[in-house]
Amino acid sequence: MTSTTAPPSQTTENEEPQAAPPAPRRRRTWFPYLILLPALVLELLIHIVPMVTGFWMSFVELTKFFIRRWTEAPFVGLENYSIAVDINTPVGQGLLNSFLVTLAFTLLVVGISWGLGMAAAVALQRSFRGRAIFRTLFLIPYALPLYAAVITWNFMLQRDTGVVNHVLVDQLHVMDSAPFWLIGGKAFTSVVVVAIWRMWPFAFLMFMAGLQSIPEELYEASALDGASPLRQWRNVTLPMLGAVNRTLLLVMFLWVFNDFNTPYVLFGTAQPAAGDLISFHIYNASFLSWDFGTGSAMSVLLLAFLLIVTLVYLFITQRKEKRNA
Amino acid sequence: MMQRRTLLTAGPVALAATMGLAACGSGASGSNDQPDSLTYWASNQGQSLEDDKKILTPVLEKFTKDTGIKVSLEVIGWNDLQTRIQTAITSGQGPDVVNIGNTWGVSLQATGGLLELGDEEMKALGGKDRYVDAALATGGEAGSNPSSVPLYGLAYGLYYNTKMFEKAGLEPPKTWEDMVAAAKELTDEKKGVWGMSLAAGSYTENNHFAFINAVQNGAALNTKDAKPSFTSDGVVDGVLRYLDLMQTDKVVNPSNAQFDNGTKSVTAFANGKAAMIINQNNANATIEANGMKPEDFAAIPFPAPKDAKSECASHLAGINMAIMDATKNRDGALQFVKYMTSEDAQKELGKPFAALPVLKDGKPTFTDDTEQADMFMEVYSERAEPLPLVPWEDQFETSVGQAMNDMFAKIATGGKISRGDVKKALQTAQDSIRA
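Quick note, the sequences are listed as chains A and B, same order. Each residue of the first sequence is one higher than the one before, counting from 2 in the working numbering. Each residue of the second sequence is one higher than the one before, counting from 82 in the working numbering.
A hint or two may mislead.
The calculated lysine-lysine pairs, modelled on DSS-like cross-linking and capped at a C-alpha distance of 25 angstroms, are [to be verified]: (1) A/Lys-187 <-> B/Lys-331; (2) B/Lys-390 <-> B/Lys-504; (3) B/Lys-390 <-> A/Lys-187; (4) B/Lys-409 <-> B/Lys-255; (5) B/Lys-505 <-> A/Lys-187; (6) B/Lys-204 <-> B/Lys-505.
Worth flagging that the hints you see were computed from the coordinates, not collected in a lab. Remember, predicted model here, so these are calculated numbers, not experimental data.
All chains, please: the whole structure from these sequences, using the hints.
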């Protein structure tokens with residue numbers, strides 16, 4: 002947090018980098034600020050204003066009685082927060098449950114996507130005939146439009162008409178009776194599978210790019226030293242991918258934890274308890290019950306949680322990096 | 082990372098900007114600044130959004146010819162309509178006239194986003210007395226001026242496959258018990274035929290049956306002082322009775338737990354996969370579109386148990402029409418609502434949308450089967466009760482409807498739902514309402 006980038010307007014000449022030779026006097030000019038202006042305005046409108054509005058909403062009682070004149074919504078302090086975190090009430094209990102479901106969901110999706118992406122990238126590291134075909138094939142889920150892809154899963158996972166049950170029950174006879182994939186307990190498995198299917202090509206893509214930068218000589222040298230492929234992976238590939246890996250894990254964690262689209266499209270309005278992911282949960286808390294204050298409080302709590310995780314993660318990885326340096 | 086840094090540095094600026102925006106956020110009541118045009122959001126009443134557009138366009142063109150006011154129409158699906166209206170109310174930007182589910186009448190009135198229809202406005206609409214009293218009552222809390230008027234009336238009925246009944250030598254059921262007995266008789270799991278089909282994964286359908294079954298048991302969902310009361314014996318037993326169609330009577334295909342809208346059970350019925358469905362009277366078009374001939378099905382009132390305290394067979398369903406408070410063509414909007422609820426427009430739209438007339442002395446035009454028409458009119462005018470006319474009605478729909486979705490899902494996936502489970506689920510739903 003201390004490394005806050007100061008906005009340009011605060012950069013006075015006194016604070017300029019303590020370069021040894023006295024810098025030639027620079028004329029103050031407005032031009033750089035002018036070309037920054039559009040970006041600043043857009044950033045404000047698209048990111049900052051909604052965030053701050055959301056933050057403000059979490060402190061007012063913004064129910065249907067006030068959405069028309071939302072500026073007059075009464076200030077209730079931390080009441081929305083106390084409703085959201087009181088696990089003795091249905092609202093708090095629902096949020097906690099959703100949080101735990103989302104945590105399990107995130108760990109599974111990130112972990113498995115990481116493994117698949119890494120395996121596929123390493124397998125396709127060396128050039129061979131047909132490599133391009135595999136690369137393209139693996140990237141398809143990532144390139145497909147989200148709605149089309151997930152709604153197709155929805156069709157495939159229907160109990161009576163879906164292709165999944167047709168294959169599992171009618172053709173392979175793995176199961177005796179057709180299970181439900183979109184309601185009940187198996188809904189969790191379904192949403193995890195669909196999310197992995199969508200997420201792992203991204204890991205694959207990042208690793209593939211990272212692997213390009215590892216010099217071939219390192220592998221040759223280690224091979225001369227008699228390193229097995231596993232040893233090569235552990236002692237050459239993995240350390241060389243360090244930077245990619247650190248960013249990738251963080252980004253995937255944030256994306257998956259916040260995933261709204263997958264459950265929204267997969268389950269529609271008949272959302273099962275086992276697939277109650279937190280973004281979707283907050284959406285329902287806000288829009289179905291018209292209680293935008295509590296919904297915003299939940300969003301702020303979610304933001305705080307993700308911030309803490311991010312900070313701790315960066316702290317740990319940076320310290321490790323320094324130690325290794 | 083980037084976001085966090087900018088948030089810290091630019092926060093105060095943005096806060097100031099928000100306050101600036103906020104200052105101009107509040108709106109005023111309708112004006113007449115744009116008297117030549119209207120925007121109308123219609124709900125989806127026919128088979129598809131496109132269909133609705135085709136049906137409505139000539140009716141709107143006639144209005145334009147009569148008054149010179151141009152109407153731009155958008156038909157909005159039910160899954161989006163409520164959110165769209167919320168957004169319109171919050172921003173003050175949106176349509177001039179909008180269709181709403183009549184059960185939302187009081188909830189939306191509470192937002193203040195709809196134009197209050199006082200004496201003067203009612204006079205412009207041709208007077209309160211034109212409308213069926215019970216239907217008009219859905220437009221606002223008791224004792225207040227309504228903020229919407231009825232447009233289309235709907236009521237539930239029990240549709241049954243006449244051929245299946247004849248073949249099995251069954252009479253159309255008059256009581257709940259008869260209905261279950263007939264359903265058991267007609268269920269043939271091996272052939273994939275079930276006695277009944279329910280939209281058991283649709284919270285909008287499920288909550289209606291929580292209400293109707295509760296009323297049949299003599300229970301109410303709200304106390305006298307308009308607080309939620311979902312856990313009385315009548316409500317719990319009513320919900321359990323409905324769930325038991327799948328759980329203990331086993332006359333409903335467990336797959337129905339995935340039916341997230343009514344059309345899916347109508348389709349199952351039309352394809353001969355179910356002998357009975359409980360549906361609103363606009364099912365005819367869908368049934369016939371799926372290839373079932375009008376003489377192969379009939380509709381009767383949804384039966385109550387033998388010892389029922391009330392013969393309630395439906396909630397008072399339907400569509401209301403409201404004017405947005407932020408309209409810029411108040412007089413034009415009033416004219417338009419009057420036109421849409423005129424005898425001619427009602428007659429013209431009643432058939433394609435399978436709507437019951439909302440005007441006193443209105444004649445149903447939705448079917449040529451006079452017996453069916455009379456039956457639905459009787460249910461609508463004598464055996465239908467409105468859902469609680471309270472501001473938290475919308476929360477009842479989602480909380481109880483979702484709870485029933487979950488319970489059906491549990492039953493379908495092999496679980497057991499006891500009376501205690503129902504009571505607990507309803508208690509949770511009740512506690513989640515911030516009235």
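Status of the hints after comparison with the structure:
1. A/Lys-187 <-> B/Lys-331: Given pair A/Lys-187, B/Lys-331 holds - Cα atoms ~22 angstroms apart, limit 25 angstroms.
2. B/Lys-390 <-> B/Lys-504: 21 angstroms, holds
3. B/Lys-390 <-> A/Lys-187: 41 angstroms, violated
4. B/Lys-409 <-> B/Lys-255: Status violated; Cα separation ~52 angstroms.
5. B/Lys-505 <-> A/Lys-187: Holds, at about 23 angstroms.
6. B/Lys-204 <-> B/Lys-505: 48 angstroms, violated
Hint compliance for this structure: hints 3, 4 and 6 are not met, and every other hint is.
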